[in-house]
Structure formats: structure tokens, C-alpha cells
Amino acid sequence: AQKVTQAQTEISVVEKEDVTLDCVYETRDTTYYLFWYKQPPSGELVFLIRRNSFDEQNEISGRYSWNFQKSTSSFNFTITASQVVDSAVYFCALSEAGNQGGKLIFGQGTELSVKP
Amino acid sequence: KAGVTQTPRYLIKTRGQQVTLSCSPISGHRSVSWYQQTPGQGLQFLFEYFSETQRNKGNFPGRFSGRQFSNSRSEMNVSTLELGDSALYLCASSPPQGEKLFFGSGTQLSVL
Numbered sequence: 027a028q029k030v031t032q033a034q035t036e037i038s039v040v041e042k043e044d045v046t047l048d049c050v051y052e053t054r055d056t057t058y059y060l061f062w063y064k065q066p067p068s069g070e071l072v073f074l075i076r077r078n079s080f081d082e083q084n085e086i087s088g089r090y091s092w093n094f095q096k097s098t099s100s101f102n103f104t105i106t107a108s109q110v111v112d113s114a115v116y117f118c119a120l121s122e123a124g125n126q127g128g129k130l131i132f133g134q135g136t137e138l139s140v141k142p
Numbered sequence: 106k107a108g109v110t111q112t113p114r115y116l117i118k119t120r121g122q123q124v125t126l127s128c129s130p131i132s133g134h135r136s137v138s139w140y141q142q143t144p145g146q147g148l149q150f151l152f153e154y155f156s157e158t159q160r161n162k163g164n165f166p167g168r169f170s171g172r173q174f175s176n177s178r179s180e181m182n183v184s185t186l187e188l189g190d191s192a193l194y195l196c197a198s199s200p201p202q203g204e205k206l207f208f209g210s211g212t213q214l215s216v217l
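Line by line, the protein sequences are chains H and F. With this note's numbering, letter number 95 in the first sequence gets 121, and the count goes up by one each step, no holes. With this note's numbering, letter number 75 in the second sequence gets 180, and the count goes up by one each step, no holes.
Think of the hints as simulated: they come from the structure by calculation, not from any bench. Hints should not be assumed to be uniformly reliable.
Stated by the list, open to error - Simulated DEER-style distance windows between Cβ atoms: (1) H:PHE73 / F:ARG135: 27 to 37 angstroms; (2) H:VAL40 / F:ARG168: 45 to 55 angstroms; (3) F:PRO144 / H:SER97: 29 to 39 angstroms; (4) H:LYS96 / F:GLN123: 27 to 37 angstroms; (5) H:SER97 / F:PRO113: 16 to 26 angstroms; (6) H:SER87 / F:ARG120: 38 to 48 angstroms; (7) F:PRO113 / H:PHE73: 19 to 29 angstroms; (8) F:THR125 / H:THR57: 28 to 38 angstroms; (9) H:ARG54 / F:LEU116: 17 to 27 angstroms.
What the hints assert, rightly or not - Simulated crosslink set (SDA-like; lysine to any residue; CA at most 20 angstroms straight-line): (10) H:LYS96 / H:ARG76; (11) F:LYS205 / F:ARG160; (12) H:LYS96 / H:ASP81; (13) H:LYS141 / H:THR104; (14) F:LYS205 / H:ASP81; (15) F:LYS118 / F:GLU180; (16) F:LYS205 / H:SER87; (17) F:LYS205 / H:GLN28; (18) H:LYS96 / H:ARG54; (19) H:LYS64 / F:GLY108; (20) H:LYS42 / H:THR106; (21) F:LYS118 / F:PRO166; (22) F:LYS205 / H:GLY69; (23) H:LYS64 / F:GLN146; (24) F:LYS205 / H:PHE80; (25) H:LYS64 / F:LYS205; (26) H:LYS29 / F:LYS205; (27) H:LYS29 / H:THR98; (28) H:LYS29 / F:THR143; (29) H:LYS96 / H:SER79; (30) H:LYS64 / F:GLY145; (31) H:LYS29 / F:ASN164; (32) H:LYS29 / F:GLU180; (33) H:LYS141 / H:PRO66; (34) H:LYS29 / F:LYS162; (35) H:LYS29 / F:GLY147; (36) F:LYS205 / H:ILE86; (37) H:LYS29 / F:PRO144; (38) H:LYS64 / H:GLU85; (39) H:LYS64 / H:GLN134; (40) H:LYS141 / H:ALA114.
Just so you know, even glycine gets a beta-carbon here, dropped at the ideal spot from N, CA and C.
Produce the complete structure using the sequences and hints provided.
See the structure below:
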């Protein structure tokens, strides 16, 4: 069965601190996709990254970076020098290749609060 | 390009009633998916439509149904509402390559 676990329910940091959001997944498929989405108070989920199971290269985009490790089934997300605007709920999600894109299995989300 | 549009934004219903939610995908997107978000269960997949056909379905009772029209707009219907149906219902569309989902702002349904 597929499952995504985000053990951190809430994280609070002070602006400019680095913060890492953890994501652990379970799947029997060898081909799958991992995602991170951000949900600000407006409710709309904003896409951050998609990674396929064959690409274990870490990725950096500005202050955001992602560490994908198949050996530990983890796909962690780090925000460097956090800002107040980063406050939101962050979701990690899994999609198996056979699902043709529309079905994501989401973790419970991590609520990040960045204080000035 | 306009994003995914969901109407209405807020809805209040009473138990036993039925409700219809609407979703207009991004132009050119043929896949529309629906999700239910609650504090207890988190984000759960309801169903996906592609070219007017249901392509995938989550584990929800038959009271939850949907459809897609030829212009890719989609509706979701919940009959015989229960208190536990109170949730944020999110719609998402994806492009032909299906690389990612684009979400709307959701419809907040309250069942009293």
C-alpha cells in the first residue's frame, strides 16, 4: 500500500533560520513520483517540485532544496534563511506511475510558522 | 492564463440535503481531479475525470459522484449530506503531459 508520512505536525522558527521538513513514503512500485506542495491560508495548493523515482539528484531552487534518498524512502525539503512569507502548510505527496497523474497520496502536512 | 476556478467559495447546507460543486480547469487541461480536505483525515482523493470519463476513484461512498463535460468543466455532487462531509473540496487540473496538478482555491462546505 502507498503511504506518505510527515511526522512533524507543526514547526515554528524565527526568520532567517534554516528549516527541514521531513517526508517518508511507502510504495511497492519501482516507478513513482514525489511532490511537494505549499498551502497558504488562501487554501490553494501551490506546486513546488516533482521528482521521479529514477532521479535521486538533489535539487536546489533559490532558498528551497530537496534531498531524495531511495535507500531511506525519504524526500526531505529544506528552506534556507526562512522568511515570514514561507508560513504555510507543506504537503509531501506520492503518485504511482499507473495512476496517470490525477491521484496523489498526500501526507498529513507540516504547518510551518516563521516568526519575525 | 486563468487558473482553476471553483464555485462557490463557501456553502452551508443541512443534513440530508444534496450539493453540487463546480470546477473549471485551466484551458487545455483535460484531466480534473477532486480532493476532500478535513482536519482529521487530511487530503483524500475522491476521483479523476479525463475526457468525460472517470479514470480513477478513491474510497468514498456512492453518495459522492462527479461528471465532466465536453469543455472539461467538472461538477461534483454529494447527496444525503452528513455532518462529516463538512470539508474543503479541492479541484485540480493537469495538462496532457500530466506532470503536475494545478489546484483551485476550493469550496468550503459546512453541513449543519
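Now for the hints, and whether the structure bears them out:
At about 18 angstroms, the beta-carbon gap between PHE73 (chain H) and ARG135 (chain F) misses the expected band of 27 to 37 angstroms. For VAL40 (chain H) and ARG168 (chain F), the Cβ-Cβ distance of about 46 angstroms falls inside the hinted range of 45 to 55 angstroms, so the restraint holds. Distance hint check for PRO144 (chain F) and SER97 (chain H): the Cβ-Cβ separation is about 33 angstroms, which falls inside the suggested range of 29 to 39 angstroms. Distance hint check for LYS96 (chain H) and GLN123 (chain F): the Cβ-Cβ separation is about 45 angstroms, which falls outside the suggested range of 27 to 37 angstroms.
Distance hint for SER97 (chain H) and PRO113 (chain F): a CB-CB separation of about 47 angstroms, inconsistent with the stated range 16 to 26 angstroms. At about 46 angstroms, the CB distance of SER87 (chain H) to ARG120 (chain F) agrees with the hint of 38 to 48 angstroms. Under the hint 19 to 29 angstroms, the C-beta atoms of PRO113 (chain F) and PHE73 (chain H), about 24 angstroms apart, fit the expected range. Between THR125 (chain F) and THR57 (chain H) the beta carbons are some 37 angstroms apart, a value that agrees with the proposed interval 28 to 38 angstroms.
A C-beta distance of roughly 39 angstroms is found between ARG54 (chain H) and LEU116 (chain F), which places it outside the suggested range of 17 to 27 angstroms. Pair hint LYS96 (chain H) plus ARG76 (chain H) holds up; C-alpha atoms about 15 angstroms apart against a cutoff of 20 angstroms. Note on LYS205 (chain F) and ARG160 (chain F): the hinted pairing holds, with a Cα-Cα distance of about 16 angstroms set against a maximum of 20 angstroms. Between LYS96 (chain H) and ASP81 (chain H), the direct Cα distance comes to roughly 10 angstroms. Compliance with the 20 angstroms bound is thereby established for this hinted pair.
As the CA atoms of LYS141 (chain H) and THR104 (chain H) are separated by approximately 17 angstroms, the hinted pair is consistent with the 20 angstroms bound. Distance check on the hinted pair: LYS205 (chain F) and ASP81 (chain H) sit about 16 angstroms apart at the alpha-carbon level, within 20 angstroms; holds. Note on LYS118 (chain F) and GLU180 (chain F): the hinted pairing holds, with a Cα-Cα distance of about 17 angstroms set against a maximum of 20 angstroms. Among the hinted pairs, LYS205 (chain F) with SER87 (chain H) is consistent with the structure: their alpha-carbon atoms are about 17 angstroms apart, no more than 20 angstroms.
Only pairs whose Cα atoms come within 20 angstroms are accepted, and LYS205 (chain F) paired with GLN28 (chain H) is accepted, the gap being roughly 19 angstroms. The suggested pairing of LYS96 (chain H) with ARG54 (chain H) holds, with an alpha-carbon distance near 12 angstroms, which does not exceed 20 angstroms. Taking the CA atoms of LYS64 (chain H) and GLY108 (chain F), the gap is near 16 angstroms; set against the 20 angstroms cutoff, the hint holds. For a cut-off of 20 angstroms, the pair hint linking LYS42 (chain H) to THR106 (chain H) stands: about 7 angstroms separates their Cα positions.
Straight-line distance between C-alpha atoms of LYS118 (chain F) and PRO166 (chain F) comes to about 19 angstroms, which keeps the hinted pair within the 20 angstroms bound. A C-alpha spacing of about 18 angstroms is found between LYS205 (chain F) and GLY69 (chain H), which places the hinted pair at or below 20 angstroms, so the restraint holds. The straight-line distance between the Cα atoms of LYS64 (chain H) and GLN146 (chain F) is roughly 18 angstroms, inside the 20 angstroms bound, and the hint therefore holds. In summary, the hint linking LYS205 (chain F) to PHE80 (chain H) is supported, as the alpha carbons are separated by about 17 angstroms, within the 20 angstroms threshold.
Pair hint LYS64 (chain H) plus LYS205 (chain F) holds up; C-alpha atoms about 13 angstroms apart against a cutoff of 20 angstroms. Distance restraint check for LYS29 (chain H) and LYS205 (chain F): the Cα-Cα separation of roughly 19 angstroms lies within the 20 angstroms cut-off, and the hinted pair is therefore satisfied. Restraint check: the Cα-Cα separation between LYS29 (chain H) and THR98 (chain H) comes to about 14 angstroms, which is no more than 20 angstroms; the hinted pair holds. For the suggested pair LYS29 (chain H) and THR143 (chain F), the alpha carbons sit about 18 angstroms apart, so the restraint of at most 20 angstroms is met.
Simply put, LYS96 (chain H) and SER79 (chain H) have alpha-carbon atoms about 8 angstroms apart, close enough for the 20 angstroms limit, and the pair holds. Of the pairs offered as hints, the one joining LYS64 (chain H) and GLY145 (chain F) holds, with about 19 angstroms between alpha carbons and a cut-off of 20 angstroms not exceeded. Restraint check for LYS29 (chain H) and ASN164 (chain F): satisfied, since their Cα atoms lie roughly 15 angstroms apart, inside the 20 angstroms limit. With a C-alpha separation of about 28 angstroms, the suggested pairing of LYS29 (chain H) with GLU180 (chain F) is violated against the 20 angstroms cut-off.
With a C-alpha separation of about 15 angstroms, the suggested pair LYS141 (chain H) and PRO66 (chain H) falls inside the 20 angstroms cut-off, and the hint holds. The straight-line distance between the Cα atoms of LYS29 (chain H) and LYS162 (chain F) is roughly 17 angstroms, inside the 20 angstroms bound, and the hint therefore holds. Simply put, LYS29 (chain H) and GLY147 (chain F) have alpha-carbon atoms about 13 angstroms apart, close enough for the 20 angstroms limit, and the pair holds. This hinted pair checks out: LYS205 (chain F) and ILE86 (chain H) have alpha carbons roughly 18 angstroms apart, not beyond 20 angstroms.
A hinted pair counts as satisfied when its Cα atoms are at most 20 angstroms apart, and LYS29 (chain H) with PRO144 (chain F) qualifies at roughly 18 angstroms. For a cut-off of 20 angstroms, the pair hint linking LYS64 (chain H) to GLU85 (chain H) stands: about 17 angstroms separates their Cα positions. As the CA atoms of LYS64 (chain H) and GLN134 (chain H) are separated by approximately 12 angstroms, the hinted pair is consistent with the 20 angstroms bound. A threshold of 20 angstroms between alpha carbons decides the hint, and for LYS141 (chain H) with ALA114 (chain H) the separation of about 12 angstroms falls inside it, so the pair holds.
Hints 1, 4, 5, 9 and 32 from the earlier list are contradicted by this structure; the remaining hints agree with it.
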